[in-house]
Amino acid sequence: MPDSFTVSASPHLRSRLDTGAVMRLVCVSLLPSVLASFYIFGAKALLVVVVSVLTCVLTELLCNRVFRKAITVTDFSAVVTGILFAFTLPPTIPLWMVTIGSFLAIFVVKQLFGGLGYNIFNPALAARAILLASWPVALTTWVMPIKSVLAVDAVTAATPLGIIKEASGAGDATHSAYSYLDLFLGNVPGSLGETCKIALLLGAILLFVFKIIDWRIPFTFIGTVTVLSIPMGRDPLAAVLSGGLILGAFFMATDLVTSPITRGGKILFGVGCGVLTSLIRSYGGFPEGVCYSILFMNCLTPLIDKYVQPRVFGTKRAWFWLKREERHA
Amino acid sequence: MRLITRIFGSFKGGVHPPEHKEPTESKPIERMPLPSRVVIPLQQHTGEMCEPVVQVGDEVREGQRIGEARGFISSPVHASISGLVATIDSFPHPVIPTPVRSIVIEGKSPLVSAAWDKITDWSALSGKDLLDRIRDAGIVGLGGAAFPTHVKLSPPTGTTVDTLIVNGVECEPCLTSDHRLMVERSRDVVEGVRILIKVLGVRRAYIAIEKNKPDAIKIMQEHAANQPLWNGAAVEVVALKVKYPQGAEKQLISTILRREVPSGGLPFHVGVVVQNVGTAFAVYEAVAKGKPLIERVVTVSGNRLKEPRNLVVRIGTTFASVIEYAGGIVLGEHRVKVIMGGPMMGIAQYTLDVPVIKGTSGILVVDEARPGKTFPCVKCGTCVEVCSMSLMPCRLADFAERDDFAGCETYHVRECMECGACTYACMSNRPLVHLVKYAKLNLSKAKKP
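Taken in order, these protein sequences are the chains called A and B.
For the first sequence, the positions run 78 to 406 when the working numbering is used.
For the second sequence, the positions run 9 to 457 when the working numbering is used.
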């Protein structure tokens, strides 16, 4: 018989999934899109991803050292940020810009706010916004898919949303140069990771199977954009399949740290992202609004968490849930 | 299944921990031989501590009352073996952290038990008489909280109770004592339910069982159907979704009746009394056989126990002798944790000298299984989603970490029943329940001058 026993507070059972495992699973769920971007935009795409991931991991390591904190590279969150950041960039981007962007993502947006769990903004999106403000031309130069590993000359082209934007200036917002199939398979110009919807959806299914993301944010986000595209005179299906909506809705807006924690809050967040995206796409200066709308809703997250809380079991219901006679009591 | 339960499903939230019931769920209940020495704490229930009514050196007989209840919310204790009172002193207790005044009885050899087989017809007794018998037998809630049963059965004047729910859910992993009791003693359990119906004067009674116990559901259904209606009261067996904490009182009422016990209230506020199946069985034994609560079914299990089994154990038997009877602890590379109760809400023990008490539903001997590295909260919201009380456990923990107990209170920390679902699910391995307990302790300290 042992002479002493381990004592601890209940529960004595824990689920197997921890934060590190979740981050690794997110990485796995992004792999189909990495491969798709390699297929669509060639070796340069892969290079951008590798540079971005490496810079993120090294920056994280550097921050841990400089701030004299425990090493947090092993939780894989920096890898996720690296991949996602690369996904938001055009394939023609100079690699030094990638390095600067991923450094800013980890150092400024994540570590200066306190590291994993404390950042207010999605690091990948915030870094992209900074780059877009700094080098607008480099960030908006798109090319046609080349579908070969070592292509030298790529043909510059406008993104599907860019075409719609131009066309809507001419009074025809439903105009689209690409077929739904091209949009779905990613055979269109765009950011590295956003074009191939099928690869993104494959990853999203994995995240749903492991219950890492909740349906509320992505579905309300996409649903709102779909519904609002009708009064705004756009083709709903093209609105969903163009631009970064699928990437943003499933992988960026669902970022655990920067989205609300309650169910109601998640719905509000998703709807808010959808409304803002639609407004920016139709009335804003840029053809795409996913990035800014998510960043804007990120700022509102603490406020949403404060005011949208679940009704505690056994406490008073909101008046509209009460029966008629109870309302008057 | 009841229509209402079918339409609305189960309560909100909850988790699905691994059940680990296989080692004991098909093992018949065995009677453990009488121990030669028992330690009977004078506090085995929620409420006032008992007053000893025997002295050191007294000869006591099995079933004799040795501790008298003090006040209404209290419950007497009885000698679980015949013998001599050896000492009355403070001894380690499986639930209360500080040693508790206990009566030690040394058994007289040869160790023999009284027969307890004379069955009396209770149907002629009035509700009041039945209640007295239940109180005198020292019956408390055997599901774990150990609240005196006679108090639960006497709702304050002005409240009406229309429904009795008998809790055979046993949602804690590893535990099978209620399951086996329902399978093997279904007739007696249903008799106990009928006694409870008479005491309460209700018209409806539900026996709630999780769907992972199909054999218990079947046999209980047969017995409930065979029994003649009592006072026109219908007894119905309800099969419930397997989900933790389905057996929690408020969640059970919510699942079966869609009634919500108000914050700070008790089940009778919504016209319900919930009793455990083990309690129903004990009520039957007390009323029909005159046998006080001197033994109970205990599931002895865990991956470090040699021979997991379901045992009828006398109250006061030390954990050491129960574990020894079940083959002892298997050697292994990890340190051992001994838990009283289930793995979700059970209490880890620092010594095996603690006795089995009325609320001991299980003794688990498991690997210590240290939780993994703790990460900062990533605000995933899983804890909010699984909380069946709709609390925000991560927020409560944030406040508790900063010693901001007022903040905890505004976020309804008192509503937490410490079921452990949030901590089980937390991907950052934060000790959420621990922090909630810490906050509650400090809040109750602040209340007292």
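In short, the hints are calculated from the structure, not lab data.
Mixed in with the good hints there might be a few duds.
As the list claims (entries may be wrong) - Label-pair ranges, simulated between beta-carbon atoms:
{"id": "1", "chain 1": "B", "residue 1": "ALA414", "chain 2": "A", "residue 2": "TYR384", "range": "15 to 23 Å"}
{"id": "2", "chain 1": "B", "residue 1": "HIS24", "chain 2": "A", "residue 2": "LYS383", "range": "27 to 35 Å"}
{"id": "3", "chain 1": "A", "residue 1": "ARG388", "chain 2": "B", "residue 2": "SER44", "range": "30 to 38 Å"}
{"id": "4", "chain 1": "B", "residue 1": "GLU376", "chain 2": "A", "residue 2": "ILE275", "range": "57 to 65 Å"}
{"id": "5", "chain 1": "A", "residue 1": "LEU380", "chain 2": "B", "residue 2": "GLU417", "range": "16 to 24 Å"}
Claimed, not checked - Pairs of lysine-lysine residues, derived as DSSO-like cross-links and limited to a Cα-Cα distance of at most 27 Å, are as follows:
{"id": "6", "chain 1": "B", "residue 1": "LYS297", "chain 2": "A", "residue 2": "LYS393"}
{"id": "7", "chain 1": "B", "residue 1": "LYS297", "chain 2": "A", "residue 2": "LYS288"}
{"id": "8", "chain 1": "B", "residue 1": "LYS381", "chain 2": "B", "residue 2": "LYS35"}
{"id": "9", "chain 1": "B", "residue 1": "LYS381", "chain 2": "A", "residue 2": "LYS146"}
{"id": "10", "chain 1": "B", "residue 1": "LYS20", "chain 2": "A", "residue 2": "LYS383"}
Unchecked claim - Incomplete in silico selection of chain B near chain A, CB under 10 Å:
{"id": "11", "residue": "GLY17"}
{"id": "12", "residue": "SER18"}
{"id": "13", "residue": "THR128"}
{"id": "14", "residue": "TRP130"}
{"id": "15", "residue": "SER134"}
{"id": "16", "residue": "THR167"}
{"id": "17", "residue": "LEU265"}
{"id": "18", "residue": "GLU268"}
{"id": "19", "residue": "VAL386"}
{"id": "20", "residue": "GLU393"}
{"id": "21", "residue": "PHE413"}
{"id": "22", "residue": "TYR419"}
Predicted model, so just to flag it, every value in this text is computed and none were measured.
We treat Cβ as the ideally placed atom computed from N, Cα and C, and that holds for glycine.
Structure-based check of all given hints:
1. The hint said 15 to 23 Å for the Cβ distance between B/ALA414 and A/TYR384, and at roughly 19 Å that hint holds.
2. Take B/HIS24 and A/LYS383: their Cβ atoms lie about 31 Å apart, and the range 27 to 35 Å holds.
3. Distance hint check: the CB atoms of A/ARG388 and B/SER44 are about 55 Å apart, inconsistent with the given range 30 to 38 Å.
4. Take B/GLU376 and A/ILE275: their Cβ atoms lie about 46 Å apart, and the range 57 to 65 Å is violated.
5. Roughly 22 Å separates the CB atoms of A/LEU380 and B/GLU417, a value that falls within the hinted 16 to 24 Å.
6. About 46 Å separates the Cα atoms of B/LYS297 and A/LYS393, which puts this hinted pair outside 27 Å; it is violated.
7. The hinted pair formed by B/LYS297 and A/LYS288 fails the criterion: a straight-line CA distance of about 52 Å is larger than 27 Å.
8. At most 27 Å may separate the alpha-carbon atoms for a hinted pair to count; B/LYS381 and B/LYS35 exceed this at roughly 37 Å.
9. Restraint check: the Cα-Cα separation between B/LYS381 and A/LYS146 comes to about 15 Å, which is no more than 27 Å; the hinted pair holds.
10. Of the pairs offered as hints, the one joining B/LYS20 and A/LYS383 holds, with about 21 Å between alpha carbons and a cut-off of 27 Å not exceeded.
11. Checking B/GLY17 against chain A by beta carbon gives a least distance of about 16 Å; that is not within 10 Å, so the hint is violated.
12. Violation of the interface hint for B/SER18 is found here, the shortest Cβ-Cβ separation to chain A being roughly 13 Å, above the 10 Å cut-off.
13. Evaluation of the B/THR128 hint against chain A yields a violated restraint, the C-beta minimum of about 41 Å exceeding 10 Å.
14. Using the Cβ-Cβ criterion of 10 Å, the hint placing B/TRP130 at the interface with chain A is not satisfied: the shortest such distance is roughly 36 Å.
15. Annotation: interface hint on B/SER134 violated; nearest CB of chain A at approximately 35 Å, more than 10 Å.
16. Because the closest C-beta pair between B/THR167 and chain A is about 16 Å apart, greater than 10 Å, the hint is violated.
17. For B/LEU265, the suggested interface contact is broken, since its CB lies about 14 Å from the closest CB of chain A, more than 10 Å.
18. The beta carbon of B/GLU268 comes within 6 Å of a beta carbon in chain A, closer than 10 Å, and the hint placing it at the interface holds.
19. Evaluation of the B/VAL386 hint against chain A yields a held restraint, the C-beta minimum of about 5 Å falling below 10 Å.
20. Interface restraint check for B/GLU393: the shortest CB-CB distance to chain A comes to about 7 Å, inside 10 Å, so the restraint holds.
21. Residue-level restraint check for B/PHE413 is violated (minimum Cβ-Cβ distance to chain A is 17 Å; threshold 10 Å).
22. The beta carbon of B/TYR419 is positioned within 10 Å of a beta carbon in chain A (closest approach about 8 Å), and the interface hint is therefore held.
Of the numbered hints given earlier, the model fails hints 3, 4, 6, 7, 8, 11, 12, 13, 14, 15, 16, 17, 21; all others are met.
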